[in-house]
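Each protein sequence line maps, in turn, to chains F, C, U, D, V and H.
Mapping the first sequence onto my numbering, position 43 (from 1) lands on 404, and the numbers just tick up by one.
Mapping the second sequence onto my numbering, position 182 (from 1) lands on 543, and the numbers just tick up by one.
Mapping the third sequence onto my numbering, position 43 (from 1) lands on 404, and the numbers just tick up by one.
Mapping the fourth sequence onto my numbering, position 31 (from 1) lands on 392, and the numbers just tick up by one.
Mapping the fifth sequence onto my numbering, position 160 (from 1) lands on 521, and the numbers just tick up by one.
Mapping the sixth sequence onto my numbering, position 172 (from 1) lands on 533, and the numbers just tick up by one.
Treat the hints with care, as some may be off.
Unchecked claim - Below, simulated EDC-like cross-link-like pairs (lysine to aspartate or glutamate); rule was C-alpha separation at most 20 Å, straight line:
id	chain 1	residue 1	chain 2	residue 2
1	V	Lys464	F	Glu547
2	C	Lys535	U	Asp539
3	F	Lys493	C	Asp388
4	D	Lys493	D	Glu445
5	V	Lys468	H	Glu534
6	H	Lys464	V	Asp379
7	D	Lys395	D	Glu547
8	F	Lys464	V	Glu375
9	C	Lys389	F	Glu375
10	C	Lys464	F	Glu375
11	H	Lys464	V	Asp388
12	H	Lys464	D	Asp539
13	D	Lys472	U	Asp388
14	F	Lys468	C	Asp388
It should be emphasised that the hints constitute simulated quantities derived from the structure, not laboratory data.
Protein chains: 6
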Amino acid sequence: SVRVNGFVCKNPMEVNADDFFKAAALDKPRVTNKVGSNVTLINVMQIAGLNTLGISIARIDYAPLGQNPPHTHPRATEILTVLEGTLYVGFVTSNQPAPNRNKFLSKVLNKGDVFVFPVGLIHFQFNPNPHKPAVAIAALSSQNPGAITIANAVFGSDPQISDDVLAKAFQVEKNTIDWLQAQFWENNHN
Amino acid sequence: SVRVNGFVCKNPMEVNADDFFKAAALDKPRVTNKVGSNVTLINVMQIAGLNTLGISIARIDYAPLGQNPPHTHPRATEILTVLEGTLYVGFVTSNQPAPNRNKFLSKVLNKGDVFVFPVGLIHFQFNPNPHKPAVAIAALSSQNPGAITIANAVFGSDPQISDDVLAKAFQVEKNTIDWLQAQFWENNHN
Amino acid sequence: SVRVNGFVCKNPMEVNADDFFKAAALDKPRVTNKVGSNVTLINVMQIAGLNTLGISIARIDYAPLGQNPPHTHPRATEILTVLEGTLYVGFVTSNQPAPNRNKFLSKVLNKGDVFVFPVGLIHFQFNPNPHKPAVAIAALSSQNPGAITIANAVFGSDPQISDDVLAKAFQVEKNTIDWLQAQFWENNHN
Amino acid sequence: SVRVNGFVCKNPMEVNADDFFKAAALDKPRVTNKVGSNVTLINVMQIAGLNTLGISIARIDYAPLGQNPPHTHPRATEILTVLEGTLYVGFVTSNQPAPNRNKFLSKVLNKGDVFVFPVGLIHFQFNPNPHKPAVAIAALSSQNPGAITIANAVFGSDPQISDDVLAKAFQVEKNTIDWLQAQFWENNHN
Amino acid sequence: SVRVNGFVCKNPMEVNADDFFKAAALDKPRVTNKVGSNVTLINVMQIAGLNTLGISIARIDYAPLGQNPPHTHPRATEILTVLEGTLYVGFVTSNQPAPNRNKFLSKVLNKGDVFVFPVGLIHFQFNPNPHKPAVAIAALSSQNPGAITIANAVFGSDPQISDDVLAKAFQVEKNTIDWLQAQFWENNHN
Amino acid sequence: SVRVNGFVCKNPMEVNADDFFKAAALDKPRVTNKVGSNVTLINVMQIAGLNTLGISIARIDYAPLGQNPPHTHPRATEILTVLEGTLYVGFVTSNQPAPNRNKFLSKVLNKGDVFVFPVGLIHFQFNPNPHKPAVAIAALSSQNPGAITIANAVFGSDPQISDDVLAKAFQVEKNTIDWLQAQFWENNHN
Chain F
362 SVRVNGFVCK
372 NPMEVNADDF
382 FKAAALDKPR
392 VTNKVGSNVT
402 LINVMQIAGL
412 NTLGISIARI
422 DYAPLGQNPP
432 HTHPRATEIL
442 TVLEGTLYVG
452 FVTSNQPAPN
462 RNKFLSKVLN
472 KGDVFVFPVG
482 LIHFQFNPNP
492 HKPAVAIAAL
502 SSQNPGAITI
512 ANAVFGSDPQ
522 ISDDVLAKAF
532 QVEKNTIDWL
542 QAQFWENNHN
Chain C
362 SVRVNGFVCK
372 NPMEVNADDF
382 FKAAALDKPR
392 VTNKVGSNVT
402 LINVMQIAGL
412 NTLGISIARI
422 DYAPLGQNPP
432 HTHPRATEIL
442 TVLEGTLYVG
452 FVTSNQPAPN
462 RNKFLSKVLN
472 KGDVFVFPVG
482 LIHFQFNPNP
492 HKPAVAIAAL
502 SSQNPGAITI
512 ANAVFGSDPQ
522 ISDDVLAKAF
532 QVEKNTIDWL
542 QAQFWENNHN
Chain U
362 SVRVNGFVCK
372 NPMEVNADDF
382 FKAAALDKPR
392 VTNKVGSNVT
402 LINVMQIAGL
412 NTLGISIARI
422 DYAPLGQNPP
432 HTHPRATEIL
442 TVLEGTLYVG
452 FVTSNQPAPN
462 RNKFLSKVLN
472 KGDVFVFPVG
482 LIHFQFNPNP
492 HKPAVAIAAL
502 SSQNPGAITI
512 ANAVFGSDPQ
522 ISDDVLAKAF
532 QVEKNTIDWL
542 QAQFWENNHN
Chain D
362 SVRVNGFVCK
372 NPMEVNADDF
382 FKAAALDKPR
392 VTNKVGSNVT
402 LINVMQIAGL
412 NTLGISIARI
422 DYAPLGQNPP
432 HTHPRATEIL
442 TVLEGTLYVG
452 FVTSNQPAPN
462 RNKFLSKVLN
472 KGDVFVFPVG
482 LIHFQFNPNP
492 HKPAVAIAAL
502 SSQNPGAITI
512 ANAVFGSDPQ
522 ISDDVLAKAF
532 QVEKNTIDWL
542 QAQFWENNHN
Chain V
362 SVRVNGFVCK
372 NPMEVNADDF
382 FKAAALDKPR
392 VTNKVGSNVT
402 LINVMQIAGL
412 NTLGISIARI
422 DYAPLGQNPP
432 HTHPRATEIL
442 TVLEGTLYVG
452 FVTSNQPAPN
462 RNKFLSKVLN
472 KGDVFVFPVG
482 LIHFQFNPNP
492 HKPAVAIAAL
502 SSQNPGAITI
512 ANAVFGSDPQ
522 ISDDVLAKAF
532 QVEKNTIDWL
542 QAQFWENNHN
Chain H
362 SVRVNGFVCK
372 NPMEVNADDF
382 FKAAALDKPR
392 VTNKVGSNVT
402 LINVMQIAGL
412 NTLGISIARI
422 DYAPLGQNPP
432 HTHPRATEIL
442 TVLEGTLYVG
452 FVTSNQPAPN
462 RNKFLSKVLN
472 KGDVFVFPVG
482 LIHFQFNPNP
492 HKPAVAIAAL
502 SSQNPGAITI
512 ANAVFGSDPQ
522 ISDDVLAKAF
532 QVEKNTIDWL
542 QAQFWENNHN
């Protein structure tokens with residue numbers, strides 16, 4: 362079979378609407394994880410017809426006080442709108458230009474608000490409401506945006522990064538790093 | 362002021378969260394037009410921080426039996442999910458490869474379903490329910506995707522295209538073209 | 362065999378000049394179709410060496426009063442020059458920015474004139490001379506630009522688009538749509 | 362005024378068909394230069410509407426035994442078709458992969474033949490007919506492809522490249538280089 | 362003055378070799394910071410002629426036991442070679458595909474070894490030698506790659522990210538976050 | 362096996378650090394060729410993990426009075442820094458804009474200086490020191506930049522370019538061309 366971009370490129374004679382479709386993908390609330398969120402991403406793995414087309418879409422569920430923890434998308438900008446509840450969101454700029462390094466830009470979003478997380482920057486969403494869940498729809502400018510949850514990648518990698526390196530990088534004792542590396546770092550992107 | 366891509370590139374010292382934010386953009390039902398729809402697009406015109414980032418997002422309202430009529434986006438693929446109601450959607454492939462020309466791929470979408478309209482192809486959404494409105498969220502792979510509503514561009518251009526040309530192209534009498542060109546072609550992208 | 366972009370990528374040891382060549386491709390007048398034109402496109406299907414190189418070339422023959430009817434190229438800008446005869450050409454802009462929607466920009470071209478049709482916009486060429494044919498050379502900024510003839514895609518798709526949808530979109534009676542859908546929509550890109 | 366890509370981006374309200382048009386650009390034979398050719402390129406300098414659109418077109422006139430001497434386009438692939446006469450054309454591949462270095466791929470083209478010169482490779486066209494001129498239309502995959510005539514750039518630069526360097530690079534005596542540098546290297550791209 | 366991409370595009374008549382040159386940029390050892398490194402990046406800010414050209418180069422100095430701490434480049438892949446000493450380097454993959462999440466790929470590099478850090482992934486270099494400094498040359502696939510030092514962006518942003526959010530994200534007590542946020546997070550990219 | 366871009370795309374489960382690594386690649390002086398240089402390029406052929414990542418790195422050795430002769434990279438900009446010795450470097454601009462054609466921009470580089478050779482332009486480096494070798498590190502903005510050594514491609518192609526064509530192009534007698542074509546044109550990119 363012919364592949365483009367690593368994915369099967371179906372014979373045009375056999376392409377049909379199902380190649381551009383995913384049923385019941387984003388309507389249902391989902392169980393949230395330890396940090397209180399669950400990202401349901403529809404990308405080229407779920408819809409083969411997205412291959413080469415540069416976009417994907419996600420539903421994000423947030424438990425009360427839940428968060429989609431600090432993470433980056435190495436290959437996509439994200440645009441998000443709130444469907445239900447309230448979200449406190451933000452991103453941190455890079456180390457340039459001096460002296461304007463690592464600015465934290467944040468906003469409280471209500472239903473219908475739209476916010477943009479530029480490609481590659483560390484960002485998060487947090488549901489500040491202790492009683493009600495929140496729901497957002499997010500779109501990403503890649504068929505396969507990738508996600509790097511900062512804590513998971515730094516402290517939960519397999520194998521672990523040397524605790525000497527991390528202790529110095531994070532200015533803490535090695536046993537703090539060891540403790541962090543011993544935790545369970547649950548993925549919230551399913 | 363510095364411009365990138367034709368848009369003002371704000372001094373990094375003065376950038377703030379509002380440059381990546383649009384309040385109350387997509388939560389409210391909107392009055393639909395003559396064909397029974399209303400597209401509320403949040404692109405680089407509404408959120409300056411989208412400049413160079415390659416994505417935008419829209420809410421589409423559909424009246425009962427309303428439609429977002431056949432149109433193309435010259436610079437974007439669209440991915441859509443239904444928030445409320447039901448939509449009959451589809452797109453037509455190009456004239457290649459023979460003999461597989463102009464295939465119409467369609468689907469009935471319910472709440473939570475996701476569908477993809479590849480860049481540049483003619484597509485539409487129609488709300489088949491005679492009693493209830495429908496709502497969708499769509500994302501587009503461009504900060505400024507553009508929209509060409511086929512009927513409006515062909516029969517409602519300013520000035521009008523020669524009726525000689527259109528009569529032959531559409532295999533109808535010139536007075537049919539003249540009648541079509543005399544109609545009011547309302548835009549549903551606001 | 363290795364494929365790049367879905368096309369065979371020949372072993373460099375075996376590449377030769379024929380991989381970049383097509384004989385007698387664009388010199389001969391060709392029989393025009395029902396709307397009075399015939400597009401002879403030399404793209405990556407005809408010249409394998411064009412793969413990844415982003416360009417193609419075409420000869421277009423126009424019968425007296427013939428036209429290359431309103432169409433778009435979803436992946437290419439077109440630049441055209443007239444070799445013989447006269448052409449009335451034009452394109453319609455998208456629905457942005459208001460109030461400048463759907464402007465029709467047209468020109469009468471004589472031998473040696475050059476005109477540009479920007480990517481994704483609806484455009485056509487018409488030979489206004491009732492006695493003489495016309496010929497043009499066009500180049501397109503893609504190895505596989507695609508073509509969507511508006512009337513064919515809207516009224517001649519397989520299967521047909523619902524006449525309910527089209528009647529409302531084009532502001533005509535359903536039986537007008539049914540009549541249009543019953544016509545033969547001949548392709549002029551061979 | 363707003364600029365995109367270094368070129369003025371006209372107010373959409375004021376754009377008209379002339380921004381996409383160049384009259385009488387490619388129909389007339391032109392006087393050829395010392396090497397027997399003349400390239401008439403219509404790019405973004407001549408048609409402002411080409412800005413960002415990635416294509417340009419040229420007419421090339423060849424005197425009997427004239428040539429468009431070995432050159433490269435640093436930003437474009439070229440596709441060429443012969444309108445009149447005969448051309449001997451070719452390009453040389455790069456130094457990879459060994460042992461397949463610097464292969465010369467050539468072809469004699471007659472009217473209507475099409476040939477492709479891949480981006481950045483050294484290529485030429487030569488009219489082998491001692492009595493008749495030749496004419497070609499070429500399209501290039503850039504709004505501003507650039508041209509580097511090898512002999513002119515190497516031996517006719519301003520200021521001159523050190524003759525020590527060139528003598529060793531071309532394995533000739535320094536006085537041969539000096540003689541070459543003393544010649545007049547006429548440009549054939551106007 | 363004309364700008365392209367936000368940077369001044371000099372009049373071609375006035376361009377000279379200095380626009381493509383930076384003197385004495387990468388030869389001298391530099392004082393390392395608190396984490397024991399110093400990145401000297403030559404990008405479009407230092408060499409204006411790099412504008413639009415998609416590359417930059419850096420020298421990185423490492424003190425004994427110094428590190429270039431975990432960071433990402435949102436817009437560039439990095440390729441690095443060791444000039445002096447030894448480096449323990451690595452990167453962590455993203456959370457896809459399951460169950461292959463967050464793999465840590467590492468290597469000890471000696472003089473002349475080459476290693477690649479793919480775009481957007483968290484990576485670091487560490488000099489394991491307690492007595493000798495190390496030096497590397499790195500190239501990045503962007504004229505302005507950006508750098509996000511993870512610890513600085515997460516714990517040293519201005520203003521600070523809510524400690525509620527970070528405590529949950531990093532599975533630690535809020536006072537640990539408060540302590541981290543009270544530290545001085547020194548930038549090592551100058 | 363899955364291929365992307367013509368190269369094997371390894372199963373993510375089996376990827377390891379060696380896929381991003383090349384040992385002892387750039388530390389050792391290498392024997393220089395007839396023109397006195399040797400380019401050791403580490404590209405996607407040497408490090409499979411570079412596939413799609415758009416960068417490569419090279420060490421260049423120069424004998425006393427040796428040169429990396431005039432050449433172009435059809436797919437990459439080059440940024441170079443001197444590690445040892447002195448280099449006289451330069452590039453020639455294209456034939457635009459008139460009257461600013463074929464400007465030669467040159468510089469003498471010492472250890473630690475950085476210089477940029479824009480994509481597709483003819484450039485060289487020369488070691489003016491009759492006694493000492495020189496060494497440089499260069500990075501290129503492509504995983505497979507290609508190299509076209511001008512003299513080799515023009516006079517050493519296989520088969521040879523017609524001496525009629527070259528004699529006219531270079532304004533010399535045919536026997537000069539024949540003599541040049543009879544030389545051995547050694548490649549310095551290994």
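Quick rundown of the hints versus the structure:
no.	hint	verdict
1	Lys464(V) with Glu547(F)	14 Å, holds
2	Lys535(C) with Asp539(U)	18 Å, holds
3	Lys493(F) with Asp388(C)	18 Å, holds
4	Lys493(D) with Glu445(D)	9 Å, holds
5	Lys468(V) with Glu534(H)	58 Å, violated
6	Lys464(H) with Asp379(V)	14 Å, holds
7	Lys395(D) with Glu547(D)	7 Å, holds
8	Lys464(F) with Glu375(V)	37 Å, violated
9	Lys389(C) with Glu375(F)	40 Å, violated
10	Lys464(C) with Glu375(F)	11 Å, holds
11	Lys464(H) with Asp388(V)	29 Å, violated
12	Lys464(H) with Asp539(D)	18 Å, holds
13	Lys472(D) with Asp388(U)	6 Å, holds
14	Lys468(F) with Asp388(C)	17 Å, holds
Of the numbered hints listed earlier, those contradicted by the structure are 5, 8, 9 and 11.
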